[in-house]
Amino acid sequence: MTIRNNVQSIEGIIANAQQSSALSSNDVTLICVSKYHSIDEANIVYDAGVRHFAENRAEGFQEKSAAMADDIVWHLIGTLQTRKVKDVINEIDYFHALDRLKLAKEIDKRADKVIKCFLQVNVSGEESKHGIAPTELDAFIEAVAEFPKVEIVGLMTMAPIDATDEEIHQYFANLRQLRDQVQALGKDYAPCQHLSMGMSGDYPIAVAEGADFVRVGSAIFNTETE
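Residues in the sequence shown are numbered from 10 upward in steps of one, following this note's numbering.
Hints are computed from structural coordinates only; laboratory data are not their basis. Heads up, the beta-carbon is just placed ideally off N, CA and C, and yes, glycines get one too. Some hints here could point you the wrong way.
[What the hints assert, rightly or not] Derived lysine-lysine pairs resembling DSBU-like cross-links, with alpha carbons at most 30 Å apart:
| id | residue 1 | residue 2 |
| --- | --- | --- |
| 1 | Lys196 | Lys125 |
| 2 | Lys114 | Lys93 |
| 3 | Lys93 | Lys118 |
| 4 | Lys122 | Lys196 |
| 5 | Lys158 | Lys118 |
| 6 | Lys44 | Lys138 |
| 7 | Lys196 | Lys158 |
| 8 | Lys118 | Lys44 |
| 9 | Lys125 | Lys93 |
| 10 | Lys111 | Lys125 |
| 11 | Lys118 | Lys138 |
| 12 | Lys138 | Lys111 |
| 13 | Lys122 | Lys158 |
| 14 | Lys122 | Lys95 |
| 15 | Lys95 | Lys158 |
| 16 | Lys196 | Lys95 |
| 17 | Lys44 | Lys95 |
| 18 | Lys158 | Lys93 |
| 19 | Lys125 | Lys114 |
| 20 | Lys196 | Lys138 |
| 21 | Lys118 | Lys95 |
| 22 | Lys111 | Lys196 |
| 23 | Lys196 | Lys93 |
[Said to hold, decoys possible] The calculated label-pair distances, taken between Cβ atoms and stated as ranges, are:
| id | residue 1 | residue 2 | range |
| --- | --- | --- | --- |
| 24 | Asp102 | Asn183 | 34 to 44 Å |
| 25 | Asn99 | Thr173 | 40 to 50 Å |
| 26 | Asp189 | Gly134 | 31 to 41 Å |
| 27 | Met77 | Lys122 | 35 to 45 Å |
| 28 | Glu145 | Thr11 | 18 to 28 Å |
| 29 | Gln190 | Ile48 | 17 to 27 Å |
| 30 | Glu145 | Arg13 | 38 to 48 Å |
Using the sequences and the hints, build the whole thing.
So, in structure tokens, the structure goes:
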């Protein structure tokens, strides 16, 4: 399987998951997680038609965004240190890991535009995971009102690596319900219409549970050729 074949296969699996679930979104965006991979490899994915790319480090983003096509939509998906905010925040299109008010404050301070942010929610309760606890979500949303350059466009989560399919369904369903809860608050700065969930091992389940952004890396690049 080549990288191009992998992309086509993943797109087909996404389409099948959409058709099989009444909860799925009509519009699912495949984000290529290009961290740990070369610019040449990422460009093969681009040539296969993918236009959304993600990096988890500021340095990786800066290197690839400078070398790749101008029409790419860039997502930053990793934990962002406050001292690195100024280096990348005005260059990215989406930030998927807002998990503390100190970071929201720094984004608001450094941004020249409104930044589309996903709140990272720790739905599984794992101590090793970053993210806001579900019980703290409403209060966090209220507090973000102080920062006009921060727009909460959705919620993001990651399922535990050792979770069963049934457990993953439940974690993703929980995030969908939390998204609906935030939407019901009716905050202009927190429309929260999107769900960023699902990676290489569980993106079909995420799509079935309503994800409209899936973050896929190894399933794209896992190939012996190309």
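Here's how the hints hold up against the structure:
1. For a cut-off of 30 Å, the pair hint linking Lys196 to Lys125 stands: about 14 Å separates their Cα positions.
2. Of the supplied pair hints, the one linking Lys114 and Lys93 holds, its CA atoms being roughly 13 Å apart against a limit of 30 Å.
3. Of the supplied pair hints, the one linking Lys93 and Lys118 holds, its CA atoms being roughly 13 Å apart against a limit of 30 Å.
4. For the hint pairing Lys122 with Lys196, the CA-to-CA distance comes to about 19 Å; that is within 30 Å, so the pair holds.
5. A distance of roughly 8 Å separates the Cα atoms of Lys158 and Lys118; the hinted pair therefore holds under the 30 Å criterion.
6. As the CA atoms of Lys44 and Lys138 are separated by approximately 19 Å, the hinted pair is consistent with the 30 Å bound.
7. Between Lys196 and Lys158 the CA atoms are separated by roughly 14 Å; this keeps the pair inside 30 Å, and the hint holds.
8. Proposed proximity of Lys118 and Lys44 is supported: the alpha carbons are some 27 Å apart, at most 30 Å.
9. In summary, the hint linking Lys125 to Lys93 is supported, as the alpha carbons are separated by about 17 Å, within the 30 Å threshold.
10. A threshold of 30 Å between alpha carbons decides the hint, and for Lys111 with Lys125 the separation of about 17 Å falls inside it, so the pair holds.
11. A hinted pair counts as satisfied when its Cα atoms are at most 30 Å apart, and Lys118 with Lys138 qualifies at roughly 26 Å.
12. With a C-alpha separation of about 18 Å, the suggested pair Lys138 and Lys111 falls inside the 30 Å cut-off, and the hint holds.
13. This hinted pair checks out: Lys122 and Lys158 have alpha carbons roughly 6 Å apart, not beyond 30 Å.
14. Restraint check for Lys122 and Lys95: satisfied, since their Cα atoms lie roughly 13 Å apart, inside the 30 Å limit.
15. Note on Lys95 and Lys158: the hinted pairing holds, with a Cα-Cα distance of about 14 Å set against a maximum of 30 Å.
16. About 27 Å separates the Cα atoms of Lys196 and Lys95, which keeps this hinted pair within 30 Å; it holds.
17. Only pairs whose Cα atoms come within 30 Å are accepted, and Lys44 paired with Lys95 is accepted, the gap being roughly 20 Å.
18. For the given pair, Lys158 sits about 17 Å from Lys93 by alpha-carbon distance, which is consistent with the 30 Å threshold.
19. Restraint check: the Cα-Cα separation between Lys125 and Lys114 comes to about 14 Å, which is no more than 30 Å; the hinted pair holds.
20. Using a Cα cut-off of 30 Å, the hinted pair Lys196 and Lys138 holds, with the two alpha carbons roughly 27 Å apart.
21. Restraint check: the Cα-Cα separation between Lys118 and Lys95 comes to about 9 Å, which is no more than 30 Å; the hinted pair holds.
22. Simply put, Lys111 and Lys196 have alpha-carbon atoms about 20 Å apart, close enough for the 30 Å limit, and the pair holds.
23. Taking the CA atoms of Lys196 and Lys93, the gap is about 28 Å. The hint holds against a cut of 30 Å.
24. Checked against the given bound of 34 to 44 Å, the beta carbons of Asp102 and Asn183, roughly 27 Å apart, lie outside it.
25. Taken as a hint, the range 40 to 50 Å holds for the pair Asn99 and Thr173, whose Cβ atoms sit roughly 41 Å apart.
26. Against the hinted window of 31 to 41 Å, the Cβ-Cβ separation of Asp189 and Gly134 comes to about 20 Å, which falls outside the hint.
27. Distance hint check: the CB atoms of Met77 and Lys122 are about 21 Å apart, inconsistent with the given range 35 to 45 Å.
28. For the hinted restraint 18 to 28 Å between Glu145 and Thr11, the CB-CB distance of approximately 44 Å leaves it violated.
29. In this structure, Gln190 and Ile48 break the distance hint of 17 to 27 Å, their C-beta atoms being roughly 40 Å apart.
30. Take Glu145 and Arg13: their Cβ atoms lie about 43 Å apart, and the range 38 to 48 Å holds.
In the structure shown, a violation is registered for the earlier hints numbered 24, 26, 27, 28 and 29, in ascending order.
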